[in-house]
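Asker: Listed below are the residues making up each chain.
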Amino acid sequence: VRVDVETGVVAVEQYVVAHDSGTMINPTVLEGQLHGGVALGLGEALGEELVYDARGRLLTDSFHRYVIARAEKVPRVAVRHHPCPSRNNPAGIKGVGENGTMGGITTIIAAVEDALAPLALTLNEMPVRSQDLAAASELLRERVGALARGGVA
Amino acid sequence: MTELRDVSFTVNGTARRVRVEPRRLLVHCLRHDLGLTGTHVGCDTADCGTCVVMLDGRAVKSCNLLAVQADGAAVSTVEGLAPGEQLHPIQRAFCEKHAVQCGYCTPGMLMVASALLQQSPHPDETEIRRALYGNLCRCTGYEHIVDAIGYAGELMAEAGTAR
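Quick mapping for you: the protein sequence lines, in order, are chains Z and A.
So the number in the working numbering is just where the residue sits in the first sequence, counting from 1, plus 121.
So the number in the working numbering is just where the residue sits in the second sequence, counting from 1, plus 83.
Mixed in with the good hints there might be a few duds.
[Claimed, not checked] Here are the simulated lysine to any residue pairs, SDA-like style, with alpha carbons at most 25 angstroms apart:
(1) K194(Z) / D127(A)
(2) K194(Z) / S159(A)
(3) K194(Z) / C185(A)
(4) K215(Z) / R221(A)
(5) K215(Z) / T149(Z)
(6) K194(Z) / G233(A)
(7) K194(Z) / V124(A)
In short, the hints are calculated from the structure, not lab data.
Just need the whole structure built from these sequences, with the hints factored in.
Answerer: Shown next as structure tokens:
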């Protein structure tokens with residue numbers, strides 16, 4: 122991922138999924154499920170948030186406030202198959218319904234931590250808010266600036 | 084009681100006349116008054132794009148227009164893409180590339196694709212994704228839709244399809 126430290130906006134540049142789907146029946150449909158799952162995870166990692174006011178009223182009650190992933194935000198997803206046939210059924214198949222979702226959330230948030238390694242952030246909440254990332258990097262810049270000034274003096 | 088207004092327009096090439104309340108949204112007019120339920124309603128707030136139709140050749144969100152605003156205009160909906168039994172190349176491409184999962188966003192995606200390919204017959208991926216900015220899909224992750232639109236451009240070039 123790439124993070125703009127001024128705005129805190131995260132861009133997911135590359136995404137690879139390695140997946141065990143058991144015996145594959147229709148790889149195209151399967152890949153569609155994985156792409157969709159990753160997009161769901163990306164939305165949850167970076168945008169989707171249920172915000173309530175003090176009176177319990179939902180504020181993110183439409184698609185311009187509850188931000189799900191749009192086409193420009195979702196990268197192409199490289200899929201690597203690692204099929205190990207299931208022994209629980211004769212066909213060796215496994216469920217693949219939107220299987221990229223859970224991995225997507227943690228992978229993207231971990232990648233944001235990594236991209237901002239100098240900030241040593243521990244991101245344990247989703248979504249990651251760009252305003253928080255921007256504020257954290259601003260804080261670091263101030264500290265570095267203060268250190269540099271101190272060093273010169 | 085609100086005074087009803089007459090609206091005359093062409094829908095998929097056929098002259099239609101409806102009598103509607105001034106507040107009637109175009110999408111509700113198409114779906115309920117004309118029975119063209121291919122155009123969907125996902126949000127009613129111009130966020131999701133599944134209600135996209137063409138109004139005088141431009142892709143518009145029909146949940147954000149009043150039916151009376153379409154008076155005198157030419158409207159085309161997803162039902163008008165394939166006039167006969169044969170699928171339009173864009174529809175074929177969506178089938179072949181598996182660009183449909185639940186299908187709710189599909190009519191809007193098809194209409195936006197149609198508008199894009201009229202303006203830009205061979206769009207690159209960035210252009211396609213930008214064109215889809217106003218259309219949400221919750222299932223596909225967009226990749227197969229993007230592929231299908233690029234492929235539809237090729238199919239239309241082969242077939243010499245003008246529209």
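Asker: Each hint needs a verdict: does it hold in this structure or not?
Answerer: Structure-based check of all given hints:
1. K194(Z) / D127(A): Satisfied, since the Cα-Cα distance of roughly 23 angstroms is no more than 25 angstroms.
2. K194(Z) / S159(A): violated (29 angstroms)
3. K194(Z) / C185(A): Holds, at roughly 21 angstroms.
4. K215(Z) / R221(A): Holds. K215(Z) to R221(A) sits at ~22 angstroms (cutoff 25 angstroms).
5. K215(Z) / T149(Z): Roughly 15 angstroms between the alpha carbons, so the hint for K215(Z) and T149(Z) holds.
6. K194(Z) / G233(A): The hint holds at about 18 angstroms.
7. K194(Z) / V124(A): Roughly 23 angstroms separates the two Cα atoms, so the pair holds.
In this structure, only the earlier hint numbered 2 is contradicted, and the remaining ones agree with it.
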